[in-house]
Structures are given as structure tokens and as C-alpha cells.
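S.K.: Generate coordinates for the entire structure from the input sequences, incorporating the hints supplied.
2 protein chains.
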Amino acid sequence: MEAEIISVGTELLLGQIANTNAQYLGERLAELGIDLHRVTTVGDNAKRLRSALEAAWERADLIILTGGLGPTEDDLTKETVAEFLGLELVLDEAVLERIRCFFARTGRNIMPPANAKQALIPVGGEALPNEYGTAPGVWVEKDGRIVVILPGPPFELKPMFEKTVAGKLRQRLAGERKVIKSRVLKLYGIGESHAEELVRDLIASQTNPTLAPYAKETEIQFRLTAKAGSEEEAETMLACLEEKVQERLGRYIFARDAETMPEVVGRLLSVRGESLAVAESCTGGLVADWITNVPGSSGYFLGGVVAYSNALKEKLLGVPASILREEGPVSGAVAEAMARGVRTLVGADYGAAVTGLAGPDGGTPEKPVGLVFVAAANGQRTVSERYEWRGSRLVIKRRAAQATLNLVRKLILGLQD
Amino acid sequence: MEAEIISVGTELLLGQIANTNAQYLGERLAELGIDLHRVTTVGDNAKRLRSALEAAWERADLIILTGGLGPTEDDLTKETVAEFLGLELVLDEAVLERIRCFFARTGRNIMPPANAKQALIPVGGEALPNEYGTAPGVWVEKDGRIVVILPGPPFELKPMFEKTVAGKLRQRLAGERKVIKSRVLKLYGIGESHAEELVRDLIASQTNPTLAPYAKETEIQFRLTAKAGSEEEAETMLACLEEKVQERLGRYIFARDAETMPEVVGRLLSVRGESLAVAESCTGGLVADWITNVPGSSGYFLGGVVAYSNALKEKLLGVPASILREEGPVSGAVAEAMARGVRTLVGADYGAAVTGLAGPDGGTPEKPVGLVFVAAANGQRTVSERYEWRGSRLVIKRRAAQATLNLVRKLILGLQD
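Each protein sequence line maps, in turn, to chains A and B.
Quick note on numbering: our numbering labels position 8 of the first sequence as 44, and the sequence is numbered without any gaps.
Quick note on numbering: our numbering labels position 137 of the second sequence as 173, and the sequence is numbered without any gaps.
Simulated from the structure, these hints should not be mistaken for lab results.
Beta carbons are placed, not taken as given, at the ideal position from N, Cα and C, and that holds for glycine.
Among the hints, erroneous ones may be present.
Unchecked claim - In silico EDC-like links for lysine to aspartate or glutamate, alpha-carbon gap of 16 Å or less:
id	chain 1	residue 1	chain 2	residue 2
1	B	252	A	47
2	B	263	B	71
3	A	204	A	283
4	A	252	B	47
What the hints assert, rightly or not - If the Cβ cut is set under 8 Å, some of the chain B residues that face chain A in the computed set are:
id	residue
5	47
6	51
7	55
8	110
9	112
10	168
11	321
12	344
13	346
Unchecked claim - Some residues of chain A that are not near chain B, with every Cβ distance over 12 Å (derived):
id	residue
14	97
15	112
16	121
17	125
18	137
19	139
20	195
21	209
22	271
23	278
24	279
25	283
26	324
M.R.: See below:
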């Protein structure tokens with residue numbers, strides 16, 4: 037089954053919101069083994085919507101439209117689809133009653149007259165109940181094609197897809213039985229081209245499963261994707277390819293699938309029953325923020341210090357004034373002293389620290405914007421690394437935070453470069 | 037000028053990432069007064085990309101393609117565009133040198149051979165420099181149409197658009213002269229429906245300029261949009277409407293346009309020559325992170341403490357053990373003691389603090405997940421506020437960070453509820 041999505045909404049074209057519905061549906065369709073070939077976004081404009089619909093009709097078996105089901109005049113998705121399919125819109129009394137109830141239930145007793153148009157359904161189509169809003173979805177079939185219309189608000193669309201549409205599609209696919217499964221391997225400490233070089237033959241020789249690299253801001257990802265007749269078969273194909281990739285790139289791989297660097301560090305600390313404290317200068321709290329985004333992080337993260345001023349580095353973290361003076365606040369020696377200092381101050385098993393120049397101003401030829409030192413310490417060892425990045429202030433902060441956590445990970449695991 | 041965007045990338049269709057590039061470009065094009073009529077997303081597939089390109093060519097004056105400029109074999113945007121336009125790809129020596137330098141500069145001395153293909157530019161096209169990656173963009177014109185190719189990673193695409201493409205488009209538009217200008221008013225401390233009620237007549241009566249409310253996660257925004265023959269005329273229309281909105285909602289408006297809450301607080305501190313320190317529990321560093329995202333924040337932000345454990349609240353911030361025991365760590369009394377404590381510890385003019393339950397676990401009937409206390413202190417006064425939100429851990433962290441900064445703003449300005 038080949039699918040296309042048509043997203044309707046001028047607010048999408050004006051960039052007022054991101055098209056997260058298309059992302060959500062893309063993920064769900066892939067899980068169902070349905071190939072999504074195209075997403076088209078048009079504004080609240082009947083002519084352009086119709087033209088997108090005509091083109092999709094020629095290519096796809098399944099067309100999902102999102103948005104334009106509201107009560108106002110610029111909501112015209114259902115009307116345009118019905119006209120295109122040559123189907124009359126008729127009032128569905130059961131739906132109308134549901135909309136009236138929705139208003140009663142949410143305490144806005146009387147349904148405004150404009151909402152009645154939401155109860156119009158194309159002849160032969162099926163209304164899909166909306167638990168969180170007034171606009172029902174529509175499932176309609178013609179000439180061997182399925183057209184599904186879903187409401188624009190994600191909190192209405194997602195439950196409708198999950199509770200009704202996914203099941204109907206699964207039934208339809210019961211004959212076909214094709215599963216797509218993906219796995220993501222996350223790498224740190226190697227560039228995209230270099231990583232790709234090391235597995236070029238695997239990329240070239242594979243069509244199923246496939247292997248594709250992506251450069252993210254703070255890591256490199258390899259995505260493995262397998263298409264098979266069953267979950268188990270797809271899993272086996274992925275496992276086999278992953279083994280080959282692990283052989284070549286294993287030392288750079290820090291996580292799989294959805295796991296993030298802070299989660300990896302948290303997991304390593306948790307199983308060891310050890311704790312962490314951080315001292316941040318240029319990242320300004322971002323490392324601690326990432327760590328505490330992980331539920332349960334209070335089990336291993338004690339806290340930290342954002343030492344933006346030199347005075348705080350000296351006073352709270354005990355960085356010797358002589359080092360600050362001689363090496364400068366952006367130096368490996370200061371990063372190491374901060375890591376040791378915060379470990380002692382907080383009484384944690386591990387201390388991590390980062391100091392650098394996030395810019396945009398304040399750089400010099402010797403210490404340019406983007407220069408960052410990260411450090412990590414436990415009772416026995418203190419390690420540090422020097423990085424130099426280009427990028428905006430926020431990009432440098434994020435890269436520095438990732439490098440800090442990666443160094444903690446390496447120290448815990450006893451990894452050397 | 038009518039524009040279309042073609043986003044290229046299988047990862048978009050699989051829902052692995054949201055198409056934030058299309059959102060960003062949509063916003064920028066609207067600012068330039070360019071009508072974006074369609075966004076089409078296709079995978080890394082030459083045939084389908086070509087078909088999207090052919091269709092766009094029939095409709096648009098400006099086609100912007102994003103993604104598929106990497107060094108790997110599935111990156112084929114430039115190749116497909118060149119073939120479609122009937123233009124040969126030739127090696128641009130200056131670009132090749134820039135890519136080589138990029139590798140040298142980022143400490144990965146030697147350029148892998150695969151990257152050489154990134155230096156291929158269609159004959160007659162212009163390479164657009166990429167400050168943050170190896171793939172240059174391309175600007176090429178043919179038959180009265182402009183085709184722009186931009187790299188997929190947002191941290192490369194955005195600076196390239198801002199520094200090169202926007203300027204070139206503005207030059208091109210200099211003749212046309214229709215201006216769309218927008219203004220955003222940002223509100224805190226009032227709900228969307230209530231805010232909308234207070235200006236309902238203005239929303240209903242206006243078609244140009246328009247007034248539209250948006251509920252964001254940590255604030256309410258009103259967007260004013262005017263279309264006019266000149267910048268000045270549009271400005272006047274906006275100023276007139278803004279005055280009416282200010283009259284009704286002024287006490288809730290904390291910022292205009294792009295200015296964020298941390299920037300507002302930073303500006304207020306800067307002009308007063310005063311300084312700030314923060315003590316964070318449930319936000320885990322996010323408040324400090326937001327503050328330090330603002331360039332120049334080292335001028336007023338001294339630092340802070342992430343006191344995730346009770347021991348740190350006591351030891352570093354001097355919160356009395358008796359208060360922690362009697363009121364519990366999530367309480368107004370502890371928030372106030374933390375604000376005073378960090379102010380003294382760091383030696384700042386203002387101290388801010390936040391403590392709460394971000395969840396997902398750890399809530400009780402008396403202290404549910406989402407309960408948050410924020411506090412702010414200067415030499416004379418300490419103030420605190422109690423909030424109770426619903427939402428995920430990250431949503432609660434962000435709402436708590438915004439509330440903390442808003443309370444600092446109110447204390448600086450001497451505003452009372």
C-alpha cells in the first residue's frame with residue numbers, strides 16, 4: 037500500500053506551527069509497513085487543495101488529509117474532497133448529536149450554529165469519532181483507493197488515528213503482511229564521512245536492510261531499516277547488519293534507538309549505585325538540565341554549580357587563583373580543577389566540568405569562540421579534553437554539553453581514546 | 037513572487053524528524069512578503085524528487101529545496117536538480133578549498149574523498165557558503181525562475197538563509213513592493229480564552245491588520261499582521277492596533293516580537309547595572325540555561341546552584357533543616373529561603389529560586405506532580421508564587437522556568453498582582 041499525506045492549513049505555510057502531524061503519521065505508517073511517498077502541504081485554499089488531491093489520486097492507494105475540519109469558513113477540506121470524489125455531503129444525525137453533547141460536556145452548553153457543518157459526511161463515507169473535539173474524521177473509499185480525513189489539532193488527530201484508523205488499516209493489510217523495522221545507532225567522536233568510509237561497502241551492497249548515516253548536531257546516527265514478512269524476520273535482518281556495523285564502529289557507538297547521552301550516563305551510574313555532580317561555565321546549566329530531563333535522575337544526580345563568574349569558580353569550586361590567572365578560565369587545568377572541586381563540594385562519586393567560549397563575542401586568536409574544555413573526575417583520576425567548534429552560541433553550548441557527558445561516560449567505562 | 041518548498045529526506049517521511057526547516061522557511065518567506073503556496077516532502081529518491089520538481093516548475097517563481105546535499109550516495113538533490121535543468125555539474129575549486137579548510141579547522145585534518153562531490157555546482161549557479169558544515173548551498177536561475185538548494189541540517193540551513201539567501205531575495209523583490217509585517221505581543225499570567233475575550237471585538241472587526249491569539253506552552257501570544265504598500269504604512273497600521281491591545285491587555289504583556297522572557301530580565305538588569313543568581317531544584321539548570329542563552333548574559337548573571345538533593349539545599353544555600361522538615365522541600369518557605377540563600381552565597385543583587393515536582397513519579401495528594409513554588413529576593417523583599425500545572429516532566433520544567441523569570445521581572449519592576 038502506497039500512501040500520501042496532504043496537510044491543509046495556511047498556518048503551516050506561514051511557519052506558525054511545524055507539521056508535527058505529518059511526522060506522527062509518518063512514524064505510524066512505517067510501523068504498519070505502509071510506504072509513505074509524499075507529504076504535500078497546502079493552505080486553506082480549495083483550488084490548490086484540489087490540485088494536490090488530483091495528483092495524489094494518480095499515485096497513491098491511501099490518501100490521508102489533515103486539517104481544515106473546523107467550523108469556520110476557511111475550513112474546506114471535507115467540501116473539497118466530496119466535490120472531487122463526486123459525493124454529496126449529507127447531515128449525519130448521530131454525529132450532530134455527538135457534537136451537541138461535546139458542548140454540553142465541556143460546559144459550553146449550546147452548540148454554535150456554525151458547528152453543524154461538522155456533522156456533514158460524504159455519502160458512503162464513515163464518520164470517525166473525535167473524543168477531544170467536535171470535528172469527526174472521515175473514512176471514504178472509491179475506485180480502490182482509501183481517503184481518510186483527520187482533524188488538524190494533534191491532540192484530536194493522534195487519538196483518532198490510534199483508536200480507529202490504525203485498526204482499520206491493519207485489517208486491510210492483513211493480507212499483505214509487510215513490516216518495516218528500524219534501528220538507530222548513535223556515534224560520538226567520529227565525523228560523518230569518516231564513519232561512512234568505514235562501512236561504505238555495507239551501504240553499497242545492501243538494499244534490504246538498508247544502512248544510512250545522518251549527521252546530527254551533537255552526534256552521528258546510522259539508521260538500519262529492514263522490510264520483511266514478519267517482525268521476527270525483520271529483527272533478525274537488523275541484528276545481523278548491526279553486528280557488522282558494531283565490528284567496524286563499535287568503539288564510537290554510545291547508544292541505540294531512542295536512548296540519549298544523558299540517559300546512557302544515568303543508566304551507567306544507576307547500575308553502579310554511583311552519583312554525579314557538575315560544574316558548568318559556558319554551558320550555563322544545560323548539562324544539568326539535560327541530566328534532569330531524565331525521569332528518576334534524582335537517584336544519581338545530586339546537583340551542581342553554574343559558575344559563570346571567575347569569583348564563583350574560585351570561591352565555590354576552589355579553583356586556585358593562580359591557575360585562573362596563569363592558564364585563563366578557559367583551559368584544561370581550570371576544567372579539571374572545577375571537576376574535582378564540584379565533586380568534593382557536593383560529595384559525589386563523579387564530578388564533571390566544562391568551561392569555554394560560547395560567543396558570539398569574547399574570542400581572541402589564542403582562545404577563539406568555540407574553544408571548550410571538558411573534564412571529569414572520580415576519586416582516582418581526572419581527565420580532560422579540548423574541543424574547538426564553530427557555530428552559534430546555542431550550538432556550541434549543546435555540543436559542549438554532549439562532550440561533557442560523553443567524557444563522564446568514558447571515565448565510568450574506563451575507555452581511552 | 038510565488039514560492040514552493042521541496043523537502044528531501046526519507047527520515048522526514050518515516051517521521052524520524054519533524055520538518056522544522058519548512059516551518060522556519062515559511063516564517064522567513066512570510067516576512068519577506070513572498071507567498072508560499074506549497075510544501076512537498078519526498079524521500080531520497082531521484083524519480084519522485086524529479087516529479088515534484090517538474091510540478092513545482094509549472095507553478096512557482098521560486099523553488100527552495102532542502103536536504104540531500106551530504107557526501108553520501110543517497111544524497112542526490114543537486115544531481116537531480118542539475119539534470120532537470122539540463123545543467124552540467126562542475127567542480128568549484130574555491131568551494132573544494134573551503135571544504136578542505138573546514139576539515140583542517142575542525143581538527144579532522146584530511147578531507148575524505150567522498151566530500152569532493154559537495155564541491156560540484158551546476159554551471160551558471162552560485163555556491164552559497166556554509167559556515168557550519170561542508171555542503172555549500174546553490175542559487176541557480178533559469179527561464180525566469182529561481183531555484184535555491186539548502187542543506188538539511190537546520191544549524192547549517194538557517195544561517196545560510198539569513199546571511200545569503202534572504203538578502204538576495206530582498207534585492208530581487210525591491211521592485212515589487214507589497215509588504216507584510218507582523219508584530220507579536222507576548223503575555224504572561226492570563227489564559228488564552230480570557231485574553232481573547234478582552235479583545236474579541238477587535239479580532240472580529242479587523243481584516244487588515246489582523247489579530248490572532250496563540251496559546252504557547254509558556255505564554256500567550258497575539259500576532260498582529262498588516263499588509264500594505266510600504267513598510268511605513270504597515271508599521272502605522274500595526275502601531276494603531278497595538279495601542280488598542282495594549283490598553284486592554286497591557287499589564288500582561290511582557291515582551292514584543294522575538295524578545296524572550298530571559299532577554300527581558302537581562303535587559304532590565306543590564307540597564308540597572310544589577311546582577312542575578314539562581315537556585316534551582318525541579319528545573320535542574322534550565323533557568324540558568326535560558327539566561328545564558330542570551331549573548332552578553334555574563335554581564336549580569338553570576339551563576340547559580342542546582343540543588344537537586346536536600347543536602348545541597350541545606351549545605352550550600354543555607355535552607356534551615358527545620359523548614360525542610362516541617363514544610364517539605366516543595367514549599368513556598370523553601371523557595372524563599374533558596375532565593376535568599378543563593379543571593380547571599382553568590383553575592384548578587386537578585387536571587388531567584390524554584391522548587392517543585394516535575395514528575396512523572398513522586399507526587400502525593402497534598403503535593404501532586406506539577407506543584408511548583410518560585411521565589412525571588414532582593415535586599416529588601418522576598419516574594420514567592422505557587423503554581424500547579426499538568427503536563428509532562430519537560431513541560432513542567434519549562435513552565436516553571438518561565439514562572440521563575442517572570443517573578444524576577446515583576447520584582448525588578450515593582451509589579452504587584
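S.K.: Find the hints from earlier in the document that the structure breaks and name them by number, from lowest to highest.
M.R.: 3, 9, 13, 26
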